[in-house]
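Assemble the complex: chain A is given as a structure, and chains B and C must be docked to it using the hints.
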Amino acid sequence: MFKRWLRNTTVAAALAIAPLPAFAQDAPKQGGDIVITYKDDIATLDPAIGYDWVNWSMIKSLYSRLMDYTPGTPDLVPSLAESFEVAPDGLTYTFKLRKGVKFSNGRAVVAADVKYSIERAVNPKTQGPGAGFFGAIKGFDALSGGTSQTLDGIEAPDDATVVFHLSRPDATFLHVLAINFASVVPKEAVEAAGGDFGKNPVGSGTFVLKEWTIGQRLVFARNPDYFVEKMPHVDTFTVEVGQEPLVALLRLQKGEVDIAGDGIPPAKFLEIKNSPDGAQMIVDGEQLHTGYVTLNTKVKPFDDLKVRQAVNMAINKERITRILNGRATAANQVLPPLMPGYDKAYTGYGYDVAKAKALLAEAGLADGFETVLYSTNTDPQPRIAQAIQQDLAAIGVKAEVRALAQSNVIAAGGTEGEAPMIWSGGMAWIADFPDPSNFYGPILGCAGAVPGGWNWSWYCNKDLDARAVAADSMSDPAKAAERTAAWDKIFVDIMADAPWIPVTNERRVVAKSPRMGGEGNIYIDPTRVINYDAIFVKE
Amino acid sequence: MMFLLARRLVQTAFILLGVAAITFLLLYALPADPARMIAGRSATAQTVANIRHELGLDQPLPVQFWTYLRGIVEGDLGRSYAQKTDVGTLIAARLPATLVLMAAGIFVEVLLGVFFGVFAALSRGGTADRIVMMMSFVGVSAPQFVAALLLLYVFAVTLGWFPMSGFGTFAHVVLPAATLGILGAGWYARMVRSAMIDVLNQDYVRTARAKGLSSARIVLRHALPNALLPIIAMIGIDIGQFMGGVVVVEAVYGWPGIGQLAWQAIQQVDIPIIMGVTLVSALAIVLGNLVADIIAPLVDPRIRAR
Amino acid sequence: MRVLKMMVRQPAALFGLFIVVLVMALAVAAPLIAPYSPDEQMFDGLTLEGAPMPPGGQFLLGTDTLGRDLFSRLLYGARTSLLIGLVANGIAVSIGLLIGILAGYLRGIFGNILMRFTDLMMAFPALLLAIVLAALLRPSLWIVAMVIALVNWVQVARIVYTETRGLVERDFILAERSLGAGHVRILFHHILPHLMPTAIVWGTLGIATTVLLEATLSFLGIGVQPPQPSWGNIIFESQSYFQAAPWLVFIPGAIILLTALSFNLVGDALRDILDPTQRGRG
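Protein sequence lines correspond, in order, to chains A, B and C. In terms of the numbering used here, the first sequence has 519 at position 519, counting the first letter as 1, and numbering is strictly consecutive. In terms of the numbering used here, the second sequence has 294 at position 294, counting the first letter as 1, and numbering is strictly consecutive. In terms of the numbering used here, the third sequence has 73 at position 73, counting the first letter as 1, and numbering is strictly consecutive.
Rather than coming from a laboratory, the hints here were simulated on the basis of the structure. Check the hints yourself; a few may be wrong.
[What the hints assert, rightly or not] Some, not all, of what chain B presents toward chain C, calculated at C-beta under 7 Å: (1) Met2; (2) Leu25; (3) Ile266.
[Claimed, not checked] Pairs of lysine to any residue residues, derived as SDA-like cross-links and limited to a Cα-Cα distance of at most 20 Å, are as follows: (4) A:Lys125 / B:Leu55; (5) A:Lys462 / A:Val450; (6) B:Lys84 / A:Lys357; (7) A:Lys357 / A:Glu370; (8) A:Lys39 / B:Ala93; (9) A:Lys254 / B:Asp129; (10) A:Lys538 / A:Ala112; (11) A:Lys199 / B:Thr89.
These figures come from a predicted structure and were not determined experimentally. All residues carry an ideal CB built from backbone N, CA and C; glycine is no exception.
So here's chain A without its partners, still in its complex pose:
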């Protein structure tokens, strides 16, 4: 049953994946010590808490989960689980654990650890951001509401078996078991760390944390007991923090750094791309990302569909991709091209100033109107906001740009009637897991259109919500294609209401030293940014 389901998704994904730039086909070599830099300090390595794109991939490598993905792909595979079965009603999942897996403290991983770890992620005391992902498990409300300390829906009948009982079918449940919040941790180590587990992580992943000097560096070393042969490839990777992206790149060019984790600032991108080693140093790949402008449907005049459509036609997306040095492609719909459910035939609202003006006139706003466009205040976002501002001016819409700290923008977006337009750059939706449903609920569904939510368009379509629930209860793997088609239709119907201006699909660009080997898709892994398990040193 699982096999057939797996084949279906693989086909869908293979169709969607654009050809990646060709890299030398080296067989992975074992060994080597590499250096990676980031600007910000690593917040935490606690899998129940960490939720930013920098610690995301480190947590992936420190711990293991029942399910995981084939490196560089969105394909689910059993990981800590050896095999599993799904009941025909989609409400019971039974997993058999792999034998002989050990935590880095030496103890064997047992089924009770899986139960404990997920309960810990849901327990309000943990203050974890991922609790909501496990909402389908029976007993979720009791635990998150504080009336229980355990999840009734998880059973561990013996050391090697875990059974999940769901309160409703959830087609994304296997993905949920592959996200970081489902990582398995040993209870005794969590308790011994006394609230500082995030700085003293113990897991059963490919790497163990060897050293952490706050504000300076973290050293990750190979886990010699890891349960997959010849994994990982490098012996250690050292993460140096507090490094400006620009400085990191200069060091990379000097050979002091192997991967500049924060990517390449626009100026250096052209310089490195055009340098002799350029092709070897730049990894440029697609990610599950859409950059958009939210149009607040509860704020005048964006409550008028014609106005929303007009501004959709006013934006010169090609010019914006040029400001991004061509590191993005123009977007016309919600889903990014790599995501199952992306509609290739859909053309969206083309760039058409005359038609935009006509639509505004039809809406009774021939002279335009004044509004506010929010943006985060880190380069290049204020620049893109200004480009959008200029495009809007061309149809008579005067938008005041407010470039604020990210937290202030998020606060404005979640306050009813506050932010008419928000450019999502710097906080745009990047999928938690490669499934179209992840692009709906929080950012376009009614559940997110509440104070403090992430649906900054405040768009709520009850009919679409019902169809989304229906699509997500199609957990029978045989219906995967049907489910994807249903999602495709939902997103096309959303665009008819134009709550967003989809602007760009940004590619991720990573700079690496020429000695680093491997395909581009393990440096821009669809599910974990940099896949530390799979990267290797060539020489």
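Structure of chains B and C alone, referenced to chain A:
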């Protein structure tokens, strides 16, 4: 003297309390909800409410402030929202780096200031004096971030003499310290110069000169000691200035100090860290001013008389 | 006139005065001089790869990262930066004067409270406070000016306080008081005029500090809102290009330096002239 000191210490405690109260109020008014920042994108309203409760953010403001103050008295600066670690630990881990940078910066300042101050005083009214005085203003008029980028560009990127970023060896500290030092040296040069000129105009120095004592001896024996106390007083003030002012230099050079910590925390609305760094900086400023105030009466007899 | 004559005799002050006048004139005349609109993102202002154009050719000082004419932006940026400098510092000196005089004149509990409050503000790390305030208040030109004023008045208050206390004990004030002059009369007719030199000196020196602080806030992305240009946010928007397009960082940087320097030179000369006892002191 002891009484005076005790009084000043009590005042210091009250000032810190005031700083804590004002910062607390300001941060509380921030238009961003820390619970939602922590909860992230996919969290349900229930999760956010749970987190808010666990952080105690659903309590009335005075209660929150009282809890915070009780913590401080017990030496607990609270836990970082984003990093889920003791703020005290985070600051303690980064404070040494900032202190090293500060010490090195002050060293450069004093060294350049004394050298050029003496130089200018000896050629008072001459071209060299004018150039030094002019340059001292160039230093204090330069935007810190431009100076930092310029030094980085010339000495690390183009010439490759120093590492571009990081912490650990002597070579790492040169450029950041030079940025702080060159910009601040102007004040010291002007002060040393005026202190020197005061002394050089004294009768006994003129006599000594007339007797044929060398300039070097006069400077070392009479003039420099006269400039020593104002220099120490100025260092006291500088300690405070640097504590809050290293944000830019630490950001450009990737220096793992508390300035960087503060800047990250401000962007993430990590209130316990912002509070902690502000309090530590305020403490440094107050202690620095205390040093300056204690030194001042020793320098100027008129103040002593009061 | 006496002041002006004395300034002209010092080459450094003369240089400073010249630059100050020049920058102000350019700022005022920006609409007449600027070859382009400062906000117009020109299609031919970027290379095909999206890089800014270097100086020379169609654009005198090149273009910025959005294809806007740098020279025009610098001219209009002068308006923003100087306006903030003048307004913020004007407010700061006013607050400083008011609190300094009141605290120095009134003594007693009220004066004591004012001075303790000033001490409290002195203990705040200025840049950190400015950053927190700017983040709190959603920056616009006026908010940035307010933030800077709120941070910068403290020093003026301290100096005015000390001077006022000295004045209050002087014979002529005591004499006035024994003749029955009211507080208002003493404050406005006798104390305030004596403080004017201090106010003028700080009014000038403070502009240098203010221009630098505005640039720093904008450099951190929490200053004046785009697309309005200020010297600081021109650098902020181009800092990642500092190696590939150094002119985008170092030309505005040099202008900030030159402007701050000139205000410092003029202020220092004013201090020498207006207050001879302070001559040559730091």
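Hints, one by one, checked against the model:
no.: 1; hint: Met2; in the structure: 21 Å, violated
no.: 2; hint: Leu25; in the structure: 10 Å, violated
no.: 3; hint: Ile266; in the structure: 6 Å, holds
no.: 4; hint: A:Lys125 / B:Leu55; in the structure: 10 Å, holds
no.: 5; hint: A:Lys462 / A:Val450; in the structure: 14 Å, holds
no.: 6; hint: B:Lys84 / A:Lys357; in the structure: 51 Å, violated
no.: 7; hint: A:Lys357 / A:Glu370; in the structure: 15 Å, holds
no.: 8; hint: A:Lys39 / B:Ala93; in the structure: 17 Å, holds
no.: 9; hint: A:Lys254 / B:Asp129; in the structure: 43 Å, violated
no.: 10; hint: A:Lys538 / A:Ala112; in the structure: 41 Å, violated
no.: 11; hint: A:Lys199 / B:Thr89; in the structure: 12 Å, holds
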